[in-house]
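Spelled out from the first residue to the last, the chains are:
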Amino acid sequence: MANLSLKHIYKVYPNGTKAVNDFNMQISDKEFIVFVGPSGCGKSTTLRMIAGLEEITAGELKIGDMVVNGMEPKDRDIAMVFQNYALYPHMTIFENLAFGLRTRKIPDIKRDKKGNPVLDKNGKEIPIMRKYNKQELSEKVNEAAQILEITDYLKRKPKEMSGGQRQRVALGRAIVRRPKVMLLDEPLSNLDAKLRTQMRSEIVKLHKKLQTTFIYVTHDQVEAMTMGTRIVVMKDGCVKQIDTPKNLYRYPANKFVAGFIGTPQMNFFEGTLKKNGDKVYIDFNYSDAKVTVPYTMLMKTTPQYLDGTKTVYIGFRAEDLTLDEEQVAQSTTKIKVRISHSEQLGTETLVYGDINMDGDGFAETSTRVIIKSKGFKDYQPDTVCEAALNIDAIHLFDKETEESIMPRIPEYNYLDCSVKGGKITFFGNTVELPAAVKCAEGNGELLIPVSAIRFNGEITAKVIGCEDVNGQILVSLDINGSRLYALSSEILENGEISIGLDFKKLIIKIGDTENQPMPEVNSLNGTFVMQKELETVECKKKKVPYYYLLINGIKLKAPAEIYEKMFSATTGRKVYNSTYRYEWTPYDFTLSEGGIKAEVEKILDYGSEKFLKCNADGETLYVKTDKNLSGTVYLIPDVSKVSVIETERQIRIL
Amino acid sequence: MNKTKAKVAKAKTKKILNVLITYCILIVVAFIFFFPCLWLILASFSKSGSIYSFDGFFPTEYGFDAFKSLFTDTVMYNYPKWFLNTLFIAVMSCILGTIFTILTAYCMSRFRFKSRKAMMKTTLILGMFPSFMGTIAVYLMMTQFNLINQHWGLILIYSAQAPMGYMVQKGFFDTIPYSIDEAARIDGASNFTVFVKFILPMSKPILVYTALTAFTWPWSDFILPKMLLVDKDLYTVAVGLMSLGETEFARFAAGSIFIAIPIIILYFCLVKYMINGMAAGAVKE
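Sequences listed follow chains A and B, in order.
Take 1 as the starting number for the first sequence in this note's numbering and just add one per residue.
Take 1 as the starting number for the second sequence in this note's numbering and just add one per residue.
To be clear, the hints were calculated from the coordinates, so they are not data collected in a lab.
Quick caveat, the model's predicted, so the values are computed rather than measured.
Think of the CB as a built atom: it goes at the ideal place given N, C-alpha and C, for glycine as much as any other residue.
Some hints could be false.
Which bits of chain B does chain A cover? Going by a derived footprint, with three or more residues having C-beta under 8 Å, they are [claimed, not checked]:
#1 173-185
#2 198-205
Beta-carbon label-pair distances, calculated as ranges [as the list claims (entries may be wrong)]:
#3 B:Phe111 x A:Asn525: 35 to 43 Å
#4 B:Leu126 x A:Lys641: 51 to 59 Å
#5 A:Glu139 x B:Phe258: 52 to 60 Å
The shape of chain B in the complex, shown without the other chains (with noise of 0.2 Å):
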């Protein structure tokens, strides 16, 4: 009896190391992660502005000047402008970038064309190089069509790459039955209906995935509004923070911080959708 009483104890201490060791791995993590972010929120309410006035680490005093200032001193610094203009780039990439990517991996998964396998691979293997390797060319070509200093080429570009990275989606296509189409089809459904009425619904999941990815990427690039934008006043949040004189880094902090606002909003609406088992019961498994 004895011995198995201290056999049941033996395993209860063994339980609760395990989780012990777990949650401070996972505290440890977790600090490494946040410090960073938790470091610049800080920051962003510092009274001073400049790094250098700062107590060691963290600044000594602590006040709202800085989001005052991002939105009422525009003067230099137009920060409600660059945000409008990080927005409606993000935006009109979001949806069309996100039109493409559907487009091509729906086709990529549904029909079977003479150069499909080679776009298949061609694209595997572009996708593998940096995209800032073509950056020069990019300038190039947009100079060609007379497209530098404007948004339009910009959304252009990010809405143009967004089908590269049409993997994931195609993936996710070729897990809906295929019976589904040619059910729809018999049924008297064009390819046109068979998208918008059955694929497309059956696919919420995969869209949202998509669209936060569209719109995420133009949302914080910095390299390419750097190269193409020049003027201030059409200038993105990242390249307008860059901009930002040295003893102003509480006002670059709470931008910063600022921009992360319409992400966490659309992932909080989008986030429902992106539930498994859309195509729950449609065919037998």
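The shape of chain A in the complex, shown without the other chains (with noise of 0.2 Å):
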């Protein structure tokens, strides 16, 4: 019954560590999120701070359309069920599920004894706030009860009951209040793991009964993919990915959702890829495997990768390797494989083996391959085999960040291009750069940000196809029978359309040189200052405190919003002691009397655009304007646009 927003949420402990580190998401109403991680991930910190249980040091938590970051949990409807059940053990389970609505008062108007309506002098009716009566509390005990079938024991104490049993009075308490979000901290794990299966389906049953938001954390990633319309995925506090199971299992977006999601682990192999012509050979480290995959497949991979000297992870689940013979026979990826052990599911067979003819095929290394095999079969053990790859299932990582290096949305475009006269060519299209864009002539690379391409301007290109990727619409181009993509806001027809570049994001290489494109933020490093002043309020002289950012000597004067929060992600008087950086982006400067100094260096002429380039006290500041200035210029920030970074701790505060 309610959309949950979590804007930057970070959670830092007073000795320095961050529990939770810039948490985003946006959780529509109805969903079944699900919260999933190895322990100590941050996943039972988040809920509990939407829970209220725990304090939020910096970023803004909605629930609705308030934000509830001060607000006690009992205001927040919503409603938690704990993994040790914490049942109140001195009262029956009547009581325990009464209790919530005991201590709610809801609205009525006010009645006579006999339950005619009081009316006022103007004849209206009396609005007050009333607790639930026996028989409204009975009512609605009972059908929490009956929903979760434990009518029978509503007498009992939870003492007289089992595991089963007392996580389902944990449930009907949490649900007989019908709050807007249930969160449920791992509320399986002690249950034995017939019930937990049982307890699985009926809870996914409950949200479909109650149809309400659901937030759920659980360590075990087959609940999670079982359960959730959406998994979020941390590591270390940090969210490694949001997305539904289907996508988790199909695009994980780097090694540790891929080997954290699917039993058994994904097979990880070291390995480089060299593109030649329409194909891309990969070449295995430690081993002689070597497989082609079709160069579509990667096109969205950076071309550094493709040129055969960068280690890439390779991976590929259990399941995409076979020892079918049959289909060994017809397929074209093969590679060998030497069986070290098995292990008889039942329904599958695991084979183990290694790559490298003189691994072990036990311990966990770069050649160790792991494939699912269907049925009852006997490998004997150090034969060697071939096994068929399903290349299409293939996965790839970088070795030093391990973040997938075949994204849904690739940050750049790579193209060659040449540049001659103040004009680049690129795709067998000419267009002029304007005079702000400052390169060497010659042949060189073009990158061009997926987010850099407008759909008006001079080039024609082809819409081949849209994409949605969780929300962002990605628009696969054709112009010249070369492949470009773009994000779009909205879902474009196939057909022709004409496009344009924003020259200030492009980066152009010849040779060793490249042009710097304009960065999207200006920052500029301050602190934080309060100052009394002598007022009269109430006919009294008080001295009233304001605040202020400090910024090379200037004071900007911060409005409540803003130091409230500054206020609340540091302890006592820390906040003015500690440096901060504060972000403007180009659009958000007015050129005034006084202000922040700043020289200018370069008018920055991009057309349409026009910045100017200056220097305030050594930093390089980025203004849109509209007239030609040089010389000294005095810059007055929009301080409700700012965004706020304490710089020891890291913490984005707004």
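The task is to assemble the complex, starting from two chains supplied on their own in separate frames and drawing on the hints.
Here you go:
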């Protein structure tokens, strides 16, 4: 019954540990969200912050349309189910369920003893808040008890019940109030395996029945995959990926998610990629194995991975390899595997092996491979056989960052270009470069961010497909037979379209030189100060505190919504002793008589827009302008649009 | 066969011997503990009253004279009055002291505030000093408050000192899972409701323990009342009995036996609550 919005949520403990680091998410009504990750990843902390049991260090949490950061748990209209049930042991089950209702009041109108409405002087009913009466209480409790089939136990006490029944009571206590959001903190981890499976489907059933937003925390990826409409995978306080179960399985954004989702774990090998024509050769390290992939699958990959020098992780799920002789015979992508042992699980057999003929297949190395094979089958240890790879299911990750190098939305389009006489030629199109873009002449590489393509301009292109990636629409464009990706706000029809480029964001590499794109934000270092001023308040002279952002000696008055957030993010007087990075976009400045003093270095003319490149006490600022100015200018940023980052702990406060 | 039989017999004798030795030790210990008590009971039934008329260790003649005079002869030594004084002081200190102790322990167990650790350490160290070390200071403070020779002065001291021993209660509260508090808070309870409706009902054993200790200390204390009470009519039993003359030994013994009665009654009333497992079924261990 409510949306949730989490914006830059942080939980930082006094010793500096970041339990939750920059959590961003929009949860829409009636979703079933699962937080999953290894223990200590911050999933429970996030849930407890939503519940109000844990204070939020920085960020904004909204339930419905209300910011609930400072609100008591009872006022947030949420309910929570705890891992250890947390039933009230001295109360009967009925009282356990009823307690949440007893503390709450419902709106009603004033009535006399007979139940007739009492009217005021104007003949109107008088609205009051009253408690639930006995009949209403028992109706509500019985309704919840019926849903969970615990009607027979209402007179018992928790200690007379089994674990499964207690968990039902805990669920009942949560649903009896019909809260806006249901929070469940590993509710099934104390139950045995059989009961867990049963309760799992019951919780899903409950979600369908209640039609409320559910947030469910678990460390069990099977629970996450089977229950969630969307899953949040977390590790070390950071969100690794938020997506539907299907997309998490098919398009893991990084090696962690790839390894965490799915049993047995994905096989990871190391290797290099080399592009040759329309094929990419994959060479496995520590092994003789080699396979080829059509280049069309790796169109979104950065070219630097495809020159055969950079080591990458190659991932294949156990079910994407097969030892089935018929399939192996037909396959063109085969690798040799030396089998070490197998585990028979009934419906399937897990075959362990190694793609390195000297490997043992036991240790988790970058050559060990697990293959899922159907039915019971005996595999002789130490035999060498061929396994077919389902090449469409390949996953590739960078070795250092462990991020996927086959992203669903690429950051840049990489294309060859040539610059001559202030004009740039790419894909057979020649475009004039604006005066602001300065680069050397010759042949080179052009990097166009997907966000830098707008759908009007002088270049003709053909839309060949649109893909909805978590709300962002990726448009595939074809220009004279070459592929270009762009982000769009709406789905475009296939066919001809004219596009233009945002030259501010382009990077042109000619030889060793490259031009600098304009940064999206200007950042300025500063501090936060308080100043008391003598004022007359209600005929009394009082010292009233005012708060300012102090940048290069200039004080900018901070409105309440800014300084309140700064206070809540720090303890005590630390707010005045910390340094901050204040960020504004080039559009947030106005030129004025006084303000931050800056020297104009250059005027950047991008044709449709003009910017001043200024130097303010050693820091470069870009400011949107209409006039050609030079010399000293004074800038006043719009304080309400500021982003604040505390530099010491790297926390985004605003 | 014979060998195993012999072995079994040997084990049996060893077992019997073990039991015998255990009982012997227990009897000796019990005698050491009970003898003074027994002797006091016998002395209270002495007819002559004076300890000098005893035949060796035990009284020569027995009778109820001491008990009778304890309650009838109230001109010099008003025992019933002392008894009521003590009861008043002990009951009031028990009520106030228990409230203070439980609240302190709950705060220390559940809330995290700035000086919490420092306060816990300070009370621990202060508790290591015997309470009579501060007697002079307490006396001076009481003269300042004008509470000398008043029962409320004593009650104040007893109930204020009781929370110093909050550690046991805090330990008990710590065992009550915090998730119950959290569940109650989400269900709409305030901190006070959590304490009254959830924590207290689950803490009956420790409440009883606290009440008993808070009652017995003022009930049997001697030093403080001796120092603060001047009027004979305001005396507590302990001070009053001390003021008895040397020849009134039987009466002294009778008085000291009689004051044990309320504690015994209290104990039997409350013992049923001192059972474990109050929190059973709350959470999964």
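Going down the list of hints, with the structure as the test:
{"no.": "1", "hint": "173-185", "verdict": "holds (count 7)"}
{"no.": "2", "hint": "198-205", "verdict": "holds (count 3)"}
{"no.": "3", "hint": "B:Phe111 x A:Asn525: 35 to 43 Å", "verdict": "holds (38 Å)"}
{"no.": "4", "hint": "B:Leu126 x A:Lys641: 51 to 59 Å", "verdict": "holds (56 Å)"}
{"no.": "5", "hint": "A:Glu139 x B:Phe258: 52 to 60 Å", "verdict": "holds (59 Å)"}
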